[in-house]
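Protein chains in written order, with my numbering: chain A, 1 to 209; chain B, 1 to 608.
Honestly, the hints are just simulated from the structure, not real lab data.
Only a predicted model underlies this, so the values are computations on that prediction, with no experimental measurement involved.
Watch out, some of these pointers could steer you wrong.
Derived lysine-lysine pairs resembling DSS-like cross-links, with alpha carbons at most 27 Å apart [said to hold, decoys possible]:
id	chain 1	residue 1	chain 2	residue 2
1	A	LYS6	A	LYS128
2	B	LYS55	A	LYS198
3	B	LYS55	A	LYS201
4	B	LYS589	B	LYS526
5	B	LYS118	B	LYS9
6	B	LYS518	B	LYS410
7	B	LYS118	A	LYS171
8	B	LYS9	A	LYS60
9	A	LYS75	A	LYS104
10	B	LYS48	A	LYS198
11	B	LYS526	B	LYS242
12	A	LYS165	B	LYS55
13	A	LYS57	B	LYS48
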Amino acid sequence: MFGTLKRKWNKKHLTDERFAFLFDETSNDEVVVFDCETTGLNPKKDELISIGAVKIKGNKILTNEAIHIYVQQKKQISHESITIHQIRHCDLEDAVPIEEAIEKFLYFIGNRTLAGYFLEFDVAMINKYIKPMYGIALPNRQEEVSAIYYDKKIATIPQGHIDLKFNTILKDLDLPTLQAHDALNDAVMTAMIYLKLKHVKRIRNVRRE
Amino acid sequence: MIALFDTLKNNLPFSLLDDAAFEQIEENSQIAYYPRETVIISEEASPKCVYLIIKGTVEAKNAEELIDIYHTNDVFGAIELIKDAPSAYQYIVSEELICYELATETFLTLCMNNQTFKTYFFSSIVERMELIKEKKDYARTADMMVARIDENILHAACIVDADTAIVEALAKLEESRAVALIVKNEYGYGIVTDADLRYYILHKEEDELSKISQLQSYPVISVEEETLLFNVLLTMTEHNIKHLPVMDDKEDLVGVLELTDLLSYLSNQTHFISVQMERAETVDEVIEASRRIEIMVGVLHEKGVKSRYVAKMVSEVHKKMYAKLFALIFPKSWHKRCTLLLLGSEGRGEQILRTDQDNAIVFENGFEPEEKEAVLLHFIETLDKIGFPRCPGNVMIINPKWAKSLDAYKEDIRHWISTPSADGMMDMAIVYDTYAVAGNIDLFKEMRSYLLDKIKEHKEFLSYFARSIESFESPLGLFSRFITSEKNHKNEIDIKKGALFALIHGVRALSLEYGIKKTNTTQRIKELNELGYMNQEDARDLLETLEVINTIRLHAQLEKLQQEEEIDNYICLTTLGKLERDTLKEALKTVEQFKKRVSYHFHLSMVS
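All chains should be modelled from the sequences, with the hints used to inform the complete structure.
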């Protein structure tokens, strides 16, 4: 109930009616998995570099409809984050202004449930931009894949320590790891984790070697 | 670009596509997840799209009978879509599946735009094998060894029509100074060489020969312009022909290649390392030259040269290396009084990568130099430096067992034969594979004759000797599935235990019976064919099998070498393409048949 209230409160602050669809009741079975690359890990200070997002429908990842948006940078990207994301300035040639990126993203996600790995951060990053722009925070339902993983894993090792590192999860679920680390590839990998987790009841404890 | 698609680029048949095609693929495919037991394509149904496996396994079944298994990077559904026919099988997930689903229309467009891509799905195993090799284009060093046919060594072709009178055609040949006559028929070419002219002179009356087409060999055996010279050589020796027309990709004649030209061309280029070895004046220079061998092996393999040629070449260079080391390390006073022997795989000329050093030395009876131990150790240490791991079985000249007088060896041989034991059999196998590389070869010849004579006197020994071909089970089980049960080697098979050993040892046992002096397995098989033990077809099958196994093994070993892992005989099945797996299965089946044949030959079921 508190959730609905908060939702209403949020909607009341919406300043741009074009995005009212974000608040529509979720009726379809689609989920959007997304990932952001940023200049750092502090949503307040750091800037968005790119967003990668794919839809999941039923048992399929709709890679053919995936989006990968690069955002124009005001500041020079630090050397540190260049090495982390391997994004160079020349990769940003197709980049769009932040407003356009956010709009495109919102149209893409619609009222769908959002999923991601460490989703809280990515959502905070988006909220940082849409609050001043449209007065709201993302109202979409959210699913954290590491939490789903944790729940299924804890069933097999109740007292155990559960490693929630991204690569550990991929490995444990026997999924392919991609060499490239950009927003889209991370979103695709996260989507595979999500799909697989939705289909397995529990994760076997000891992996076959 | 989604990086998952990148792996596709490295796998046939997608490696045949260009970037534009990949963009199309990316825009028109989705990733799907299916739990076990999902039926993806039902029998009699048409596939909804083409499926490319990212992870998991799918089985094709026909009324509960397993037809085929598809793994990572394999494609299914494609053939049915191209043929526009319903599936004859049921495709069912046997291990949780993640796959791409490529839209039918896109796939068919790709097929339409790229014939090679399309025909891949219908190509035979042999054709695919060629594609695999061709696609591995590495440009590390432009070694001349891997040259392809170039026009400079071709002779101009003298072409005549099929109904040209023989004498007229010959006049034209004479005038053009060509090496052979090419006869143009309605469909394809024929060839007339000097041998045919001999036939003409002897038989022209009785056979009423008048037109050139009556003399020709038709259809002519030819090669394409881009073929590797090494493989051209193979074609020529296999068919025992001296002239080979070369065609371009439109099947038009480019010229005629003559065997002598090819041989001189190859010998000029191939002996580069050998020359370096021969010219070496110090041990260090020998070591330096040896280092090049491994690089060359990698290049040759990647360029698609058959592994038996790679082995042959490496073995030639190694022989030169050993001879040189012998000359440099062993005192002059020894040279005529001992023989340096190579044993095991090195003796058979089959060691491509340095897996271990197997060597022995025979001394003249009564020759006991004082500095013996120090010299022998120096030799072994030099091999260490070059990078030959020591022999785990201690078959090395620093072991007194493998450094003794001719009489002592004879005594060993007599003992192995008269009182058969497991160790004796192994030593016997090692000694029979011996190649005398340097020193007084007569000492070795005497030792070998002694061995072969003793065998002739004790034929019953051979059954015991052959028995070890049955020591290891085939890694191929029911329904031609691979059996991979070893704990630390999931999805891997030991190709040496599983196939190579039985093949080599079976051939060895038969050769011993026939008194064959050659040590190389390929040559032994050829001799067994010449001596009448097996017909040409069986021999060729066996040779091809050996080639397939060695190629796959070499490939795995080179990969391990590159990743600085220990070189062993395990082959990872998941990294093999479907085609390579199928070829390997065929090879394993041939080995099993051969085992049965050898077992029957030596009445192995009667000795136990």
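Of the numbered hints stated earlier in the document, which are not met by this structure? The structure conflicts with hint 7 only, although it agrees with all the remaining ones.
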